[in-house]
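2 protein chains.
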Amino acid sequence: MAGGEPHKRRGGRAGHVAPKRTAFGKIRRKIPPYQLLDSSALDAIEIQADWILERIGMEFHGDDVALELFRAAGADVDGVSVKFEPGLVRSLCATAPRQFDLVARDPVNTITLCGDYLVLMPGYGSPFVTDLDRGRRYATLDDFHKFIKLTQMSPYLQHSGGTVVEPTDVPVNKRHLDMVYAHLTLSNKPFMGAVTGAVHAQDSIDMARLVFGDMMDNCAVMQGNINVNSPLVFDGVMTGALRAYAKAGQCVCISPAIFGGAMGPVTQVDVIAQTHAEAMVGIALTQLVRRGCPVVYGSFHSTMSLKSGALTFGSAEASLPTMALAQMARRLGVPVRSGGGQITSSNCADGQAMAESNSAMWSTIMSGTHQVWHAAGWLEGGLVMSYEKFAMDLDQCGAMLRMVQGIETSEFAKDAYRETGPGQNFLATTHTLEHFRDANFQPDIAECGPYETWAEAGEQTLDQRANTRWKSVLGRYQRPEIDASVDTALLDFMAQRRAREEDMWY
Amino acid sequence: MAGGEPHKRRGGRAGHVAPKRTAFGKIRRKIPPYQLLDSSALDAIEIQADWILERIGMEFHGDDVALELFRAAGADVDGVSVKFEPGLVRSLCATAPRQFDLVARDPVNTITLCGDYLVLMPGYGSPFVTDLDRGRRYATLDDFHKFIKLTQMSPYLQHSGGTVVEPTDVPVNKRHLDMVYAHLTLSNKPFMGAVTGAVHAQDSIDMARLVFGDMMDNCAVMQGNINVNSPLVFDGVMTGALRAYAKAGQCVCISPAIFGGAMGPVTQVDVIAQTHAEAMVGIALTQLVRRGCPVVYGSFHSTMSLKSGALTFGSAEASLPTMALAQMARRLGVPVRSGGGQITSSNCADGQAMAESNSAMWSTIMSGTHQVWHAAGWLEGGLVMSYEKFAMDLDQCGAMLRMVQGIETSEFAKDAYRETGPGQNFLATTHTLEHFRDANFQPDIAECGPYETWAEAGEQTLDQRANTRWKSVLGRYQRPEIDASVDTALLDFMAQRRAREEDMWY
Chain F
1 MAGGEPHKRR GGRAGHVAPK RTAFGKIRRK IPPYQLLDSS ALDAIEIQAD WILERIGMEF
61 HGDDVALELF RAAGADVDGV SVKFEPGLVR SLCATAPRQF DLVARDPVNT ITLCGDYLVL
121 MPGYGSPFVT DLDRGRRYAT LDDFHKFIKL TQMSPYLQHS GGTVVEPTDV PVNKRHLDMV
181 YAHLTLSNKP FMGAVTGAVH AQDSIDMARL VFGDMMDNCA VMQGNINVNS PLVFDGVMTG
241 ALRAYAKAGQ CVCISPAIFG GAMGPVTQVD VIAQTHAEAM VGIALTQLVR RGCPVVYGSF
301 HSTMSLKSGA LTFGSAEASL PTMALAQMAR RLGVPVRSGG GQITSSNCAD GQAMAESNSA
361 MWSTIMSGTH QVWHAAGWLE GGLVMSYEKF AMDLDQCGAM LRMVQGIETS EFAKDAYRET
421 GPGQNFLATT HTLEHFRDAN FQPDIAECGP YETWAEAGEQ TLDQRANTRW KSVLGRYQRP
481 EIDASVDTAL LDFMAQRRAR EEDMWY
Chain P
1 MAGGEPHKRR GGRAGHVAPK RTAFGKIRRK IPPYQLLDSS ALDAIEIQAD WILERIGMEF
61 HGDDVALELF RAAGADVDGV SVKFEPGLVR SLCATAPRQF DLVARDPVNT ITLCGDYLVL
121 MPGYGSPFVT DLDRGRRYAT LDDFHKFIKL TQMSPYLQHS GGTVVEPTDV PVNKRHLDMV
181 YAHLTLSNKP FMGAVTGAVH AQDSIDMARL VFGDMMDNCA VMQGNINVNS PLVFDGVMTG
241 ALRAYAKAGQ CVCISPAIFG GAMGPVTQVD VIAQTHAEAM VGIALTQLVR RGCPVVYGSF
301 HSTMSLKSGA LTFGSAEASL PTMALAQMAR RLGVPVRSGG GQITSSNCAD GQAMAESNSA
361 MWSTIMSGTH QVWHAAGWLE GGLVMSYEKF AMDLDQCGAM LRMVQGIETS EFAKDAYRET
421 GPGQNFLATT HTLEHFRDAN FQPDIAECGP YETWAEAGEQ TLDQRANTRW KSVLGRYQRP
481 EIDASVDTAL LDFMAQRRAR EEDMWY
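Just so you know, the sequences run in chain order F and P. Here the working numbering is used: the first residue of the first sequence is 1, the next is one more, and so on. Here the working numbering is used: the first residue of the second sequence is 1, the next is one more, and so on.
It is possible that part of the hints are untrue.
Because identical chains cannot be distinguished in the list, a pair is counted as satisfied if it fits within a single copy or across any two copies.
Simulated crosslink set (BS3-like; lysine-lysine; CA at most 25 angstroms straight-line) [to be verified]:
1. Lys83 to Lys414
2. Lys471 to Lys149
3. Lys307 to Lys471
4. Lys174 to Lys83
5. Lys149 to Lys83
6. Lys174 to Lys149
7. Lys471 to Lys174
8. Lys83 to Lys247
9. Lys30 to Lys471
10. Lys247 to Lys174
Quick caveat, the hints were computed from the structure, so don't treat them as lab data.
All chains should be built: construct the whole structure from the sequences, respecting the hints.
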């Protein structure tokens, strides 16, 4: 993969398979992305991003290698500050591939990132979990395992995620091993590795190599999520991980994180411009480490209550940049992670949770994004993964995947009209019977029956039905097969790494 | 208003006022409509609509006047069947105005229907109401009054609606008088009159004339909703009302009502084509009664569970035609009512209710529609208006009205960056302080505070907070002023009409 763009045009439709319960195959959208902004507005935002990079600049803390790479590429490096003449960063991004695959352990689950492909993923990063039986509590490795299993079982999530929840009962300096092991053995979908420094990233890559072998020299099998310390700062812990993944040719997602009014201006157009500047700089660094390294243009932004300063999600002011940022990424010519999918600030899985989540998800899906992070489970601004919300969100994910299939317009049901006519019911027509099974998406827990039936059955709200649902799905989980010698090699590697240093708990 | 298009180009921006608590003034969207289908697909749908009208035809039951009007216009009338050569119906629609106002009793609430104007309205037609205190029950006139008052109080609903709930404690043959009186006196926003036959429609018009006087000769002050008995049937009760409103130059909305698989084919493209055919025929009839009569192209369609036959709302398969039908209406050149706004099949105001409602609302708003019916209150597939759901939906309406304002792209916050820099917080910048008050929409009942605070306050779900909210709003309601002689004239008219016939209860 040295030089050039070896990730491009691989895979294609070869990975396509008929839908089955744990794999839809690749999802391709057939409805156009929404064009929120016109090209003159997009031009203006690009110019403002260049202005930020030239006049304000970025800072790289604790990463002399990164500073040296930028200096060599022509940037103006002064201490930790890096400034760029207009257009320089964009030109450095030009070698990032427009299209690539994330190869899964089961090839049927390999995903493609580009164009009209769409990938949904579970939530990321919550220190807490909650369910209706046990309430809110710190997340453990057992919770981590459960969410990996629930994700593996869902046909609506095409990616196993990363730090789905924080396994707080495992030492902080060793939990990355358990998380990567869980992704590699409890799931056979693509996944994310650790980003808590270069060493943990390298451990993640080494473990993946025990499973995927030398094919990793030629393709990406994993992804690292590099958060920007917005505004305009990259931390050495993160860029160390970035450089490890890039060096290994694995996918790097650059995620600016801007809450308007705090980590950037309160106005949407500025959130967009700053996100664009920050994402481009991270992408440029990947290319300086290894030309052709596959990247994802990330965006994570939202709003604050300007009464209380609390973070808000699913707001109108957050939906707008979500839609515009996918336009910016398409201009840059790289795949984009838009959103926050189903994100909310609600403290429980109620109507607020679903209204906010659905708004965030609609803006994300309409944007034409390639990866939707946090598509299931998120509550409380990401502090909590909810088992019930996870099941509730999956119904919405399924509906969204149906919606992006669009409308078949190649034929009309003329015979159905010939069979019926004005005032008659279409239920028994040949056309209806032919389309009956597949016409409409069937949610798992939404109910549409009469009030009386629902009342007699105990007036269960959606979260209560979701409680039944996730347990039933978990009960059916089966660990995907893995070669015993590979499993042993992984366990040996982990034992070795664990012995390397003392446990750390904070 | 005889001949020509006198409703066009009136009003313009003259009605604009600064936002205040009970009136935002006119809402104009600044974000583009979503273009789901390309022009070749839209062409194909128009051709299929023509095919339906030529080969299958429409039926008009119990309305010889309508049949005669169509015969005189060149249609092929055979008994109750009316068929049209391709293009005929579309050409009959050509005199319908592209733009008109619905003049409100308080001019500040006058709305414009066309182009980028947007009007949100409460639910319509529920026989039941529910609230958390008293539970589910038949709706009464008192409930009707309460929802008119809640609508009047909301800055997010620009129209008082019609049969917001069925006042089941008033005789069926007289309740239209009470409903129109309530709209005319408890509200000063535009409203809908009765459509339960020509006589009730004329009563509604006569009552409006007692308030608006002769200005009704030159403008529309009310709207009648003409449901189609889909598939492809107009009932004489409805078309009688249609002709009364059209003759009086008042606005007529034609509302096909198609649940795919029952009142039309199960496939979306056919739901679109049939809606288009039915809507055009209704609009054509208004123009045959009175050229230039203001119309709204309606669409009301949804899906069924193909397991149980129960109606489903907010589904992916329903969102797609919602977006396409606004495109069809724009082609025809008339304002469009898209949706169902916040509609759901859920039996309570839970997460399902808000997820489905939000999906339906997003597709409606993205479509570029002009009128959003059922934007607040709807539960149980429209059987129930919920006081709590009403308050919950209003938060979403407010957010949507913010979203359609789009992104201001004319300037960037360069000074904010000059004041701060990498790694610094933007909260105290001049830019943030300047934009602080108006930067973000503030919902009334959504909460974003920490879990601990929420838990200590009793773990209230959104519907519980909504219960407090609607009572507090209702407590602040004040009846808008009305001339005492006008009020007396309305009451006298109603007494006279009530004395005309015996009470009927079904």
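> Which of the stated hints cannot be reconciled with the structure, identified by number in ascending sequence?
Replying inline: Hint check: 4, 5, 7, 9 fail, others pass.
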